[in-house]
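Enquirer: Residue-level listing of the chains:
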Amino acid sequence: MKLGVCWYPEQWPEHLWASDVQRMAALGLSFVRVGEFAWSRIEPELGRFEWEWLDRAVDLAHAAGLEVVMGTPTATPPKWLVDAHPEILAKGRDGQVRGFGSRRHYCFSSDVYLEQSRRITALMADRYGQHPAVVAWQTDNEYGCHDTVVSMSDAAKAAFRRWLAARYGSVKALNTAWGLAFWSQEYRSFDEVDAPFGTVTESHPAHRLDWQRFSSAMVERFNAAQVEILRAASPGRDIVHNFMGLFTEFDHYAVGRQLDVATWDSYPIGFLGQGPFTVADKARYLRTGHPDLTAFHHSLYRACGQGRWWVIEQQPGPVNWAAWNPAPAKGAVELWGWEAVAQGAERMSWFRWRQAPTGQEAMHAGLNRPDNQPAAAWPEVEALAAGLSQLGPLPPRGRSDVALIFDYDSVWAVRSQPQGRDQDALATAMAWHTAARRLGLSVDIVPPDADLAGYDLVLLPAQVFVDEGLARRLAESGATVLAGPRTGSKTRDFAIPAHLPPDGLKMLIDVTVARVESLPPGIVLPAGNAGQVTGWMEDVESGSQVETRLTLDDGRGLWFASARAHYLAGQVDDGLLRRVLTNVAVATGLQPRDLGPDVRVERLGNFNFLFNYGPVPVTIAHDLLIGQNPVLPAGVAIWRD
Amino acid sequence: MKLGVCWYPEQWPEHLWASDVQRMAALGLSFVRVGEFAWSRIEPELGRFEWEWLDRAVDLAHAAGLEVVMGTPTATPPKWLVDAHPEILAKGRDGQVRGFGSRRHYCFSSDVYLEQSRRITALMADRYGQHPAVVAWQTDNEYGCHDTVVSMSDAAKAAFRRWLAARYGSVKALNTAWGLAFWSQEYRSFDEVDAPFGTVTESHPAHRLDWQRFSSAMVERFNAAQVEILRAASPGRDIVHNFMGLFTEFDHYAVGRQLDVATWDSYPIGFLGQGPFTVADKARYLRTGHPDLTAFHHSLYRACGQGRWWVIEQQPGPVNWAAWNPAPAKGAVELWGWEAVAQGAERMSWFRWRQAPTGQEAMHAGLNRPDNQPAAAWPEVEALAAGLSQLGPLPPRGRSDVALIFDYDSVWAVRSQPQGRDQDALATAMAWHTAARRLGLSVDIVPPDADLAGYDLVLLPAQVFVDEGLARRLAESGATVLAGPRTGSKTRDFAIPAHLPPDGLKMLIDVTVARVESLPPGIVLPAGNAGQVTGWMEDVESGSQVETRLTLDDGRGLWFASARAHYLAGQVDDGLLRRVLTNVAVATGLQPRDLGPDVRVERLGNFNFLFNYGPVPVTIAHDLLIGQNPVLPAGVAIWRD
Amino acid sequence: MKLGVCWYPEQWPEHLWASDVQRMAALGLSFVRVGEFAWSRIEPELGRFEWEWLDRAVDLAHAAGLEVVMGTPTATPPKWLVDAHPEILAKGRDGQVRGFGSRRHYCFSSDVYLEQSRRITALMADRYGQHPAVVAWQTDNEYGCHDTVVSMSDAAKAAFRRWLAARYGSVKALNTAWGLAFWSQEYRSFDEVDAPFGTVTESHPAHRLDWQRFSSAMVERFNAAQVEILRAASPGRDIVHNFMGLFTEFDHYAVGRQLDVATWDSYPIGFLGQGPFTVADKARYLRTGHPDLTAFHHSLYRACGQGRWWVIEQQPGPVNWAAWNPAPAKGAVELWGWEAVAQGAERMSWFRWRQAPTGQEAMHAGLNRPDNQPAAAWPEVEALAAGLSQLGPLPPRGRSDVALIFDYDSVWAVRSQPQGRDQDALATAMAWHTAARRLGLSVDIVPPDADLAGYDLVLLPAQVFVDEGLARRLAESGATVLAGPRTGSKTRDFAIPAHLPPDGLKMLIDVTVARVESLPPGIVLPAGNAGQVTGWMEDVESGSQVETRLTLDDGRGLWFASARAHYLAGQVDDGLLRRVLTNVAVATGLQPRDLGPDVRVERLGNFNFLFNYGPVPVTIAHDLLIGQNPVLPAGVAIWRD
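Protein chains in written order, with our numbering: chain R, 72 to 712; chain W, 72 to 712; chain V, 72 to 712.
In case anyone wonders, no lab produced these hints; they're calculated from the structure.
Be aware that one or more of the hints could be misleading.
The list cannot tell twin chains apart, which means a pair is met if one copy fits it or any two copies do.
What the hints assert, rightly or not - Calculated lysine-lysine pairs in the DSBU-like style (CA-CA distance at most 35 Å, straight line):
(1) LYS228 / LYS162
(2) LYS401 / LYS577
(3) LYS243 / LYS162
(4) LYS162 / LYS353
(5) LYS353 / LYS228
(6) LYS228 / LYS243
Fair warning: this is a prediction, and the values are worked out from it, not measured in the lab.
Produce the entire structure from the sequences given, and follow the hints as far as they go.
Expert: Rendered as structure tokens:
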């Protein structure tokens, strides 16, 4: 894994640059990411360019032996551009313009901004596309951050109407698909369709779902335009985008397919407070991040990059943007590095080289303090670099034991009609991922159109849509299938399937969901001593070939099993989920073992990794290549079979 | 009690209709409600009508022996109408237009929409007014649902100014009535008066109160226009409207006086989460609804219909619109049916015949599932129908033991100037109603202008306005009066009475409220072992003829009694309230007995009903006509003296 | 201390006025405040004046021997003025106009309103400036109440641009100072700078900070305009403004410097719920207010008035504007009076003479009830008046033991970039003030530019800015300095200091803050048995001359000491703060002693005051001039050495 850093020379006096790149190389870094956010410095006014400073910075990096990942600066259009074209600004769900003064102040549906984005991208690609230091391009920055996928602008409304027309062909087909006879919501023309906000009560769920799909398509369109230019002007370079954590506003698989590599911005502590974790877990993992949140995203973006992925921004210390910003535990920065290694990352770079003294991110740590002295993360980066040298070349990450299907469309579907206020398909997927990983199983997050051949076990935590292709691949894969409630609960037009859920799964297990209920927090449905259901429960009718493995105390079946598939009718507690998963995995020939809440393991070829996220040292019975025994809190152990 | 169902033929393929009506009749249903929400199907474009499908549906129902309650479709103006007249849309308190895309997207003050409402109503009345199947008309649907009584539209502002002019005569009178010398708020003309929103801090409480009164009057105006047309064109049919639960935005008594029958939409589980209940009660009654919420509204709408009332929409399973949507307990659907019988309902119909596969209410249960198989409620409807046949004709509901005065104007008054953030006159009325009902007393909710003759006991839980007429009727009724804090605390112009509260009550009990305090949650004022006060306490001065029955530990009098009336100076806990009420009821000659939290009884002629809302079976000492002994959870017992 | 009352004759029939002033004088009051809010009665239409009623009221007061404090009515521009000049209205942070219908509906940046304010002030000053009864003028009312300092109006934006130009000189200097290369936020002209609201994510913290500074300057400008007119037209009269509690939106020191006397509106119970207190403390002090909140503000406004200060509005009973409005304990009204005496107040007047029957404040208690009978506060005012007569002339308030530096700019800095969501420099200052006062130390709240000579101890709870002048005065004062985390953490341009914090303090103690972390609620960092840190912790490097007095269990230094100064690296619990403060105070020669949570003492010359805010009587060993022994709850004791 190559190590690097995000560098913003434009924010610092030029006399620091030479020592910057020298010290980077000395630290063991081999690349820098530059350029993103620098538009106002590259083009201070329309058509007036100042490239020279960036030329010098890139050349300095090159001279120091550093590769360059160049970012397009389109996440921050300058004020002059916004003033010349105020229509590029997005509007919020409340119809208010979202103005200049921070970042991401553009609407994905704006053709005007798309053209500006093409223009600056082409100019950058022309200037640096063939530079020997430049090894990769990053498009824009964190698409959708700050809730910027959805915009209510006039451009978005017009584009949505075109998108609907393309999808449904005729307005009659739209009326039928959405069922608009309900509440006299029928349209006579696509031109009558508005954004699904600002209505008197809940807008139509299919309207909301399609608006999200459309909004995602606009992100794809925007990214594709940059990719096309960069491919042409900078051949042989990887094209990447930096995705985010806990973020589902657009289809990352779709954008990933346009790229060579998926990269993401990993802030284990910054994300902890935003994640679907208990208060106790947020306290326990305050300084390491949750044991599975990072791994979930590593695995997800491995899928998005078709196997190629990087961490392009890595947290080096306290960040500034969470509600509270604790410091990492001693060792955590190194641990996060090895976690990425174990998952097969090609590169990792820290955000950022030096903490800025001003601006929105002034309180965000870097590898250096504002006074240019090494910050707390520095020795841990050194240790990681040394460890990587020690291990030498590493084998590629192979297929995992388990495939977990994660689907953006299903996430949006649940959000469009949750039925229970706290239903969240991402949180469900993460809970299932944690259950598998705590049992020592390795997990590949995969899209619903993935090739499932070769997996022992396929998990469908909340796969609302099971269309024919997925049903066939599930059937043909030979894997055992474990599906949660809501599986196959809607058609793509967002109708309840004609023969009721779980649509697409019935050929594997003959169950029918007759009724659905959601339950407020605090309501618990016990299943004897085995565990309990909260939040969501379905009344299931099962065929004669189906075994009911577990029932609620109220008599309703909870766990149904056939030869090839298992169906869970309710949202079960973590312990019960592990119990079911253990049973299913053992039957599949896997060897699950409960590692407890804190310890996680991964395997890369014949290298074994153990990560201790907990507060207690862990003793292991192996001779270690890296790490000490017992493994301290926030410690890592690596050994070879 | 006749049984029926809400049927939306326009949402289903016509080939299903014939079997629909046959199966309805076979189930024991005798009527359907149709037509509401169907405007876009009746009039797909301005002036182009498609009546035939509705003709066929009505005829089919008729042929199957079903009566028809026809709804006017004005709750859902079609898109073409909104686009032709965007000024019919309401504006929210924030000044934002509330757009098309759900329902109730119109402003009650819009003369343009009033005309459209008249037009479509007249057309429907012409076509179906004389149809032999049509036995009743429902105006619109759920006036005010989704906070649509109050609108900030220009039409509303103009109408408010006219309303003020009519009420006060001169702007000088307005300035005096509201006391606008305070903060230099005086007006020189009615044209200067705006809506009481968007001010820097709290707007004038009398301004807010009058805006609510005005808004209520606009609902009355809107309903009256439809009633007038329907009366003329469809003689002999009942005219009804479907009111809601926990809803106080307009004066339901006033609208009720325009109707023949008050109907309401009873969703015992859907309402539970929104009601003023403890977390423990929301858990305990999760699958039955609160023991008194439904009865409160049955009694309230009996008053609104001058004795005639129906349940026009009844919950058959999980709904979709609450934050969480649990399934009813086995038996609850039948229990709710008998609860309505015991309170004297003429009709009950379930919402809806078949669960829809799409749209905002796709997750709302029906009597049939989306695949047209009977849903869980079906056998309970069968059982209710059979039970009704078994009992034969039932006597009418007579006068109850207790009258509880509930007044919309008082609710608005408390909301306009709560003085303690959580003060809510509806919640107070419900708590008093629960206390009486738990003591086995039957209760009539009545308006403040009701004839009080014949009652043993009259309760005034939070009657802010006690004007001369009410004072006289209280004095002349012969009933004992129990009044809570805030009784007679304001004049109709929203001034503190010249001789301090309780205005209008002093001829019955010589007490004066010298000072008022509100208390944050968690603060408790004990009255020895008798109980405690929370939330609200008044310092009362009492005359020599008044006995102080109970004092707080801090020395302040809490319970004052004269020969004819009792005054409670504070908001007391439920146990203390029952203690006071028991004492007063016994002295009045009633026979209160504590039934505990779960069991409720009602009496209809010589039929006795017992309802078990709790989790424990209840054994009773009667031979039952209906039900089993012991009475199971969610069970009903009926016996005759 | 002179006693008075706020009187609104315009709100009452004139036949009451004569008895009003007679009863005031009989009660021991010697002044009235009149005129504020009376604009619509003085000038019912543009240019038409009705002075006569106010003439008569003032003359009546004069005849009764009462002095008059006259308020300018500019907090409530009449409707005719707003309609003629709608551009005087402010806009909220959401861009919405904040309309007529309550009070403070004007924008401080409006030149049009500034002119109107000058006009009405000049007219009032002409008419009453020389009246023998008039002894003082109050400008406007409660500047900034209801969040009215910040406005988004066009006038504000234009004024902000001028303010920036004046501050930075060139837009290049602005770009550099704010560090706008970050995120391409650079401006080409001051005209491009907008208000820091409505951005996609967090706007620039220096932008927000400067907007607050600018907004504060607009308040100063507005006040100065009235002061200039009043000084000229009414020589010899004090000019005052009534400040508020818990309010930091503008620099009160700066406005105070324009005045002769700082006055404030003291509502001990009304403020309790809004203050940074625990739930337990809010319950414990429900009827007295917090033991230190009132004293904090007395001390603060003593500084704002350069020693001269009044309580111009004092709570006499339940107010109307808090979320809940409890009644004061018996004795509390008198206690609050003596608290002001002990802190050296010149005057106290109650708000208001008589409770109004209508309007927004109808539920606000007065000295009289709405029926004109004495309210509960009356005998306590009598007792205070009698006590003051008994004691005779009192000595002036001298310098306190301790100076606590409180700085509005630092409060805004923390709010502009809190880094931990609940960071609040006012709350921190209040906690430190409480710690000192509970230890029996007397405290002067002082501005950062105060003369510090003569103090034994100077506290810097959260002094973000330590510029050269303050650093020098700290060094030269001879006082021991105790500084909390965040001291000297920013330059005035809101950059992290070049050599890291604590900037300006390093000459007193050689410590460097290498890293900062914030911690969510519930996370505790123990320091053995000594106490704990919550919320905020810094990693500090210290020089060889610095002693580490206390370390966290995780090994980080917490309490650093040099010969002259102490630095606390974390936000410590109240007990630990007292422990540190005791240690430092003893070393300084002071005699701290823990008085417990409820009891507070003050000293005025050789008069000693003891206040019992708690629920338990307190026995003391002195012969009392005022009060009884033991001192009851809400009781006061006064004795002389």
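Enquirer: Look at each hint and say if it fits the structure.
Expert: Going through the hints against the structure:
{"no.": "1", "hint": "LYS228 / LYS162", "verdict": "both (11 Å within a copy, 21 Å between copies)"}
{"no.": "2", "hint": "LYS401 / LYS577", "verdict": "between (51 Å within a copy, 28 Å between copies)"}
{"no.": "3", "hint": "LYS243 / LYS162", "verdict": "both (29 Å within a copy, 30 Å between copies)"}
{"no.": "4", "hint": "LYS162 / LYS353", "verdict": "within (34 Å within a copy, 40 Å between copies)"}
{"no.": "5", "hint": "LYS353 / LYS228", "verdict": "neither (40 Å within a copy, 42 Å between copies)"}
{"no.": "6", "hint": "LYS228 / LYS243", "verdict": "within (19 Å within a copy, 39 Å between copies)"}
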